Amino acid sequence: MNIPIYLDNNATTPMDPRVLEAMLPYFNEKFGNAASRNHAFGWVAEEGVDYAREQVAKLIGASDKEIIFTSGATESDNLAIKGVFEMYKDKGNHIITTVTEHKAVLDACKHVEKLGGKVTYLPVKEDGLIDLAELESHMTPETILVSIMYGNNEIGVIQPVKEIAAIAHKHGALFMTDATQAVGKIPVDVNADGIDLLALSAHKIYGPKGVGALYVRRKGPRVKVTAQMDGGGHERGMRSGTLNVPGIVGLGKACELCGLEMESEAKRLSALRDKLQKELTVLEESYVNGNEEHRLPHVANISFKYVEGEGLMMAMKDLAVSSGSACTSASLEPSYVLKSLGLSDDLAHSSIRFGLGRFTTEEEVDYAIEVTKKAVTHLRELSPLWEMFKEGIDLNSIEWAEH
Amino acid sequence: MAYSDKVIDHYTNPRNVGTLDKSSHKVGTGLVGAPECGDVMRLQIQVDDNNVITDAKFKTFGCGSAIASSSLATEWLKGKSIDDAMKIDNMDIVEELALPPVKIHCSVLAEDAIKAAINDFRVKNGLAPIESEKVHH
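From first to last, the protein sequence lines are chains A and B. All residue numbers for the first sequence refer to the working numbering, where the first residue is 1 and numbers rise by one. All residue numbers for the second sequence refer to the working numbering, where the first residue is 1 and numbers rise by one.
Excised from the complex, chain B in its bound form (with noise of 0.2 Å):
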């Protein structure tokens, strides 16, 4: 399978991999997916007083389709409030990568991470997690 031009820049030279100190209250982490499946996402956001990302880092392992969504993911997800970022949809991340459809599902792990981030920091602060009713595509 031929990947797009986006996906092989995003799996060369990936953003934002690291990781955060997941032990920090301003620290949200979300971790989907299954190692038997063969795709891990770790995707963590820093967020400060104001509910605003300042910064995300990711882990993936994964394909490269996955790899590319969640270096994606961390670049959208700086300077977004946690409620910018909750709007964040897989098929943006499939338009943005050019994702054939097998691929699709590493969108939606994507998404899946972010909301789990988010999630966890929501939890962490003292709000109530928000349940996605989203059917994905």
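Extracted from the complex, chain A is given alone in its bound form (with noise of 0.2 Å):
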């Protein structure tokens, strides 16, 4: 067992050799552009590009006619919203998402409103995930888009993506989903799923970092998004730029893994998360953020109350893991996502999130809830608010000096 431990697999994950392998020949020998039509530099990177976006489609169900090269998932959430929102306005100018989303997609719906768009942003319910009905109460003629994230990225809860495309396709809009948590981990089929525009990158899913793709529908309807990017006409005309040859290729391969593998791995790191869970809920006061049911099979973020999350993970310094606390003058805010299920400041304060990955080892889990149990019990040992809360003093009956 190597330390530190890598539990953050919703940040980034490492590459698989086999990922790596794949894409070794095209930085060298096979490093023609696959836009050089005419001698076969061109044609090799071609038929690579032409793999991989066969891959990419496979594992979400679309044609590889319908997948756009890109940089990674903000800019293929970039394209979508803003290219949408281009693409339609004459029809409407409303665009509906969600408070939990990836800042990808709050800045870029963000960015729509000062071009005169119109955003809903939807609040969640207590344990994360829309209220359908809710959703449809703000749809109106003039809604040309919903873009609600297929699994969050601090919560892992996974939204009833089918039910609310046939919310937006009932009343004329179309449907766009930042499935980046979500692809290679659950299966996501689009035309199952009545998704028109997703959103996934590669280094989420044991690729390269660099590059991503936009689905982008081709039939029922034929969706088309204003090119972010001006060039070459490259990816159909809707992301100009000589393509990402060897980082594409690494996204294909990454795809095939995952489609082949998702099913076992998914059941193993739900397993595995389980006990993680079980083990650390033990303890006093932690409670487990977001619904447990509808929820992507690697992620558990737990608060671990009158404890600092960055305070913890220091403690905790052989884990890699994430924390909803930002304690900096810059920001003293806790995570907006924890904070939307109507968390308070102090528990979001108090939360971490463990992200297992395909190397996670159950020795590997093991060793982190020890290491995590020791480390709530030194920091409580610590925290005058845990002294509080066991003299039994409320301590909302305080009058802190906030500053």
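Simulated from the structure, these hints should not be mistaken for laboratory data. Model, not experiment: these values are computed from the prediction. Hints may be right or wrong, so weigh each one.
Straight-line distance between alpha carbons at most 25 Å, and here's what the computed DMTMM-like set of lysine to aspartate or glutamate pairs gives [stated by the list, open to error]: (1) K103(A) - E46(A); (2) K124(B) - E387(A); (3) K317(A) - D9(B); (4) K373(A) - E36(B); (5) K390(A) - D345(A); (6) K22(B) - D394(A); (7) K278(A) - E46(A).
With the hints as a guide, dock the two chains, each given alone in a separate frame, to form the complex.
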């Protein structure tokens, strides 16, 4: 077992050696520009890209012609939201999204607002899921796009995508989903789910950083987005720029491996995750954040009340995890995702996200349980809030000097 | 963010963790910060008849820098008169622990806790609290 142990697989994943192997020839011997149509170097690169396009399409039940390669999910989100707004603004100017989206979606929506668009940011329920009736109540004839993430990056909850798509379509809007955390982890099928646009990224699925894709539906309906990058008209004119051939080949291979191994991996990881969660919630005053039933198999977000997340992570320095707390003078604000579940600030500050992955072993999970328990106990011994809680003092009865 | 060796040392082996009897008139207690801001410090001093601090204890809810700042503060307080303790400046803590700019507020909180503890002691013993006019760095 190597220390530190990596349990932050929602942030990024290590590249699978099989992906690296597939990519290597495309850095040197197969270095051609996939857009070079008149010599063998170009054809070989194009073959690699075409094959990858099929691999990506297959994982999400799409056709290869519907895959647009990008630099990652942030670009895909931007292209989808800004691109749909520009393309369809004569039809309407309203977009619906949720408050728990990734910043790439939220900030792209803010941008659209500056261009005259109207955006509804749906709240979520305590378990992190949206209320379908509330979504429907906000649909208007002006609504052109509903953009709601598939699986959440911080708490792992899986939105009822199929039902959301049905509501969007019933009211004549397109449905886009940021599926960065879900693709490759759970079955995602653009046709069964009714998805019109979908963003995904390679580095969350054991592929390389700097490459991703946007799925854009071609049939029923044929969806178009206005390019956000002008140039040589690559990717059916939707995303100019010389293709990142090694990256794309890596993304393709990563998708293929996920397709083959996802089912058994999901079982293995959810068993490990459940063990971790069960052991850690034995600790007094610890709470799981987000819906536990509709949740990605590898994620557990747990709040340990009366200890602060960043301080806690320091005591868990042998574990690479992530905290919902940001204790810097620039931002004392804890995670907006956790706050939108209705968590009080102190509970949000006390949260740790565990993200298991393909290379996580049971031995590592056992070690993580031990380290975390020890750290929480240590920090509670240091915590005045824990002492007050133990003495039965209501913390809300104290007049805190906010700073 | 990388922590300095001194922060790690205080965090790993915090000095003077604990609780003094806050009802004693020889004990001053300062409780500063707020749970929703992610840091709360409680600093306590035991003062003798010559107004010298003989013991200091802390408990802190917060990040590593906040814990280290309050641990360091208790070390510095012991043996100081309450007047000298009042002169401890947050920038001394910043310097000693090599805190980065984003963690300066942790030292400010420690200074506030010291002053609050001393003033609590002063009020308990019929002395006027000292208003700090200092503008924090």
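Results for each hint:
no., hint, verdict
1, K103(A) - E46(A), "33 Å, violated"
2, K124(B) - E387(A), "23 Å, holds"
3, K317(A) - D9(B), "14 Å, holds"
4, K373(A) - E36(B), "23 Å, holds"
5, K390(A) - D345(A), "20 Å, holds"
6, K22(B) - D394(A), "18 Å, holds"
7, K278(A) - E46(A), "49 Å, violated"
Figure legend: structure checked against the earlier numbered hints; hints not met, in rising order: 1, 7.
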